[in-house]
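Enquirer: Combine the two chains into a complex, taking the hints into account.
If you read the protein sequences in the order shown, they are chains A and B. In terms of this note's numbering, the first sequence is residues 296 to 662. In terms of this note's numbering, the second sequence is residues 823 to 1088.
Not one of these hints is a red herring.
List time: in silico DSS-like cross-link candidates among lysine-lysine, alpha-carbon distance up to 27 angstroms:
#	chain 1	residue 1	chain 2	residue 2
1	A	LYS317	B	LYS916
2	A	LYS368	B	LYS916
3	A	LYS475	A	LYS325
4	A	LYS589	A	LYS548
5	A	LYS391	A	LYS412
6	A	LYS412	A	LYS398
Computed footprint of chain B on chain A; a stretch qualifies when at least three of its residues, placed anywhere within it, have a C-beta under 8 angstroms from a C-beta of chain B:
#	region
7	363 to 372
8	390 to 400
These aren't lab readings, by the way, just hints derived from the structure by calculation. Computed from a predicted structure; not experimentally measured. Where is the CB? At the ideal position from N, CA and C, for every residue including glycine.
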Amino acid sequence: MSEPLVVFENVVKRFGDFTAVKHLNLTINKGEFLAIMGPSGCGKTTSLRMLAGLDRPTEGEIRLSGLRMNEVKPSERDTPLVWQTLALFPFLNVQKNVEFGLKMRGFDAVARATKAKEWLERLEIAEFAHRDITQLSGGQRQRVALARALVTEPEILLLDEPLSALDANLVIRMQSVLTKLQRELGITFVYVTHSQSEAFAMADRVVIMSQGEIEQIGRPREIYREPVSRFVAEFVGRNNILTGAVTGSADGKLTVSSDAGPCTAPVPEGRTFAKGDQVSLVISADVIAATTTKPASENVIACSLISEEFVGSMVTLFLETDNGTELKAQIQHRDIEQIDTTSGARLYLSWPTANVHVLPGPNQENP
Amino acid sequence: MTADRSIVIFLRIYIGLVFCFVFAPIVASFIFSFNSDRFPTIPLGHFTLHWYQTIYNDPDIWDALQVSGITAVTVSVIATFIGFCTAYTDFRYKFFGKNAYLALALLPPTIPLVIMGLAMLAWLSRIGMSGHLYSIVIAHVVMCTPFAMAIIRLRLAQMDPSLEAAAWNLGASEWRTMGNVIVPFTLPAIVSSLCLTAAVSFDEFAVAWFVSGLNKSVPVIILEILQGQVDPQINAIGTFVFIISMTLVVTAQVLLMTRSKKAETV
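Bound conformation, chain B alone (with noise of 0.2 angstroms):
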């Protein structure tokens, strides 16, 4: 028993430590945010929202927002979609090479991103879709798709496969199976998805930077700033895009896992 209780309280040392050590530079980053003195140092300064209201009266900070917001929506709904085709088919369908075709859905997010943002800053260049809005959101729907597809894929092995005949079954054509069965049915995984995706999308830096050309999104334009000067702003920006990011990734958790709690039970 005392064995048993001191390796329970060892591993919850261990754990509180893994978290401090993820979250204490955004914890500090998120203080800082809030203090008066222009470098982080302690003691602190007095409280202040001078910092928020520096990015909040920056134009470019404005755009940036815009574009990341716009490329994240977009990248979001397109990825999802391409997603959820690609696992339907392979729920579906059995065919010649379909694991060769599975792999390849899922291989972007093994490239490294340095080399993924050359190559697409390369290949967009050369037929002259470079520099654009779509430029990003062609860069990141490549790379958001296959965390779709994984997701969507999850939910649709949760599914018990006489469902989708038992709605043929009972006169529902393909088409109004798909609208009436497939998607109710994985519809917490298509939100879950769409969340992570825009997730993903918005804080994703090294192929926004090479493609994104004039559009600057947030990631981009925080590396900027940091170039110019050290400046709490970036702290402010930080813990807003944390924020962000952060809501967006608890939604998608907390679909997921009431979702399949529910339907072990079925």
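Bound conformation, chain A alone (with noise of 0.2 angstroms):
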């Protein structure tokens, strides 16, 4: 199952004197959804622009199922690329475009007329085959954009960004088309985004960079409950965040003075922690119990509550403590009904010490 098909080595890509990316260390294994994730300039896209052959690696290697990428042209790699513009071409009809890839592989036209039927077929815009581009929806380039990457039968694709242009809902449609189709291949596909949400909806696994570095790979799962540093926390969001330093360590659990008051939370496995270092202390959002009457727990807090959002079956609650400190809390819809959400409400938030996530130092990084 876990075949390498793509392997970074030590790649490093400068512009100048910008390092875009900072010894990439990367296996991409057959098969697997990957999303690559990160702010702006972190050097995603990049990378993926060295895996097309787009960009050349300043130093290190890429091999492509064994083989070094590093000076092979664009042209002569099978690696299709469903761009951020799309740039499908405007001179030429929907079916045309498709067939793009197979004219210049050298297939005859009766051949590739085939073939891209059975792709505009497969992605349910075969009525469209004689439009032009510009008479199609976003969602519609979208798929001829998908139908044109594919029809070569590659065993990688490559996509950067192609959802960003579309609307909320169709992003969610977009999703579930390119998660059911990486299934049925049974290909790679290597997702770049900036977004937390495209990432966890689909990947198997999950890169997240920063200024040209990997800061975690893991499952989304790992990343959301399990953040190696700070960045990484914020980043994925949804979390709270709080700092302070030990008081004490006892039992497998640290008592901690934080910003928004003491709490406890477990000792991670192999470290220790003296008494007065400084600690962050990872909360995700849907933990945290918002109730009207104190609970009997370990970490309780007093907030006073700043406003609500609705999000599918889920409500999260902006509340504040005394002392200013902000936090998040998401709780079900139907056990909203039991709690006071006038603005300015006293709610107390509660949550189980094995669920708090331990980081070292306040800030490790990233101003």
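Expert: Next up, the structure:
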């Protein structure tokens, strides 16, 4: 299952004085859906372009199926890319756009038409085959771009923020189209995005990059529950991050005097903390309970409600402690009936100690 | 509201006057080309095609048309080709001295035509290439290439830069990308440039007069007729040349406009 398809080995890319990618080591397996995520300028798109041969690594080696690719021209690789701008050919109709890759690979007209038709049907755009690109909606163009990239039946498909121009509903639909395609075809998808929801909804593994380096690689759940750094915890969102100093350590539990009040946290495996050590506590918003009466829990903080936000079946509450620290709690729709949700209402937030994730140091990096 | 309206009316009148000013002489020439009187006077004489018949039967005019026609077609093809290459270099590459290169490429139209004609004559006769049909072609290519380049450069600027890379990504070599993506994308500009450079070459007098020798182009022959006598056949030739040039220029403009509208929606 986890047979490597792409290997980045110590890859460095510099543009003049600017280092876009610093010593990237990454293995992408056959058949996996990998998302590379990070803020703009983190080197995610550059990494993807190097894989497609559009930028050449300054140092290091990129291997595809065990072969060194550094010097191979883009036209001689089979690494189709779905572009952020889609880059459809405006002077060709839908079918001719899809046929382009086949034409360049020397397929005759009949074979081209058959294959193109097959893919247009698969992506449910066969009825638009003879339309101009300009006559299509955003979602339809997206499908044309996918068909054009997949028509040569590659082993790997690269996607560079392809959904960034679509509206929210369409994004959700295209996500399911993409995951379904990937499962059915069994090929590798490398998906670059700055959107956490896109990456977490589709990918088997997520790579978080920052300033040209990998911060963390893992399954979406791991990255969400156990971020390795404050940067990841903040980037992933939905998290509350409290900072404070250790006041004691006993029975595998730390007591911390945090900026929101005293709390407890489990001691991370293989780590020891002394009194006075600075730590950050990551508490994801969905493990926090909000109640009107003070519950019996090791971690209870009194807050006042600022606002609420409904997303699907969840409600996010935005609250503030008495000393001004802001906290988020995500609770089920049905639970909200039991609490007072007028603005300024007093609520108690509580969470199990086991769900607290401890990071050493208050501000490790990233200004 | 009333102030706005009066401004609109004023501007319309102003535009109308500008058009009158520009087109009145041409319209007059057009009308007098069908007038039987020898001198352009009012009231008009009767309608006649006599002057058109005269030029139709004049072998000198036919020779001149041939010279101008061959020159215009050859010049438009060569100038458009060079213009395309220059514009593509600008689009695709970054290199040291690029601004100087662009300035040089766009320089010729800023040189006064008489100076340009003289310089061309001096240079071409020194290397023994003056007085031929190809002398006019060389001179006109120099004059027309900047126009071709400007038109094609404008079109390339509308192109999504990832389009070219997308073609490579789909297995097209650089040459095939040129043929299958860049040229089709810029085709409206290329056709437009062919029309416009042909029109510029067809109408150009000063440089052609200096270097043409015995190969008289249409504008040169017009001047010769004028020097000899005032003859209404000038009106007839003028009308004819005007129609050819306008057709070319309007075609060029229409092509550019429809395509750029389409490109905006992509």
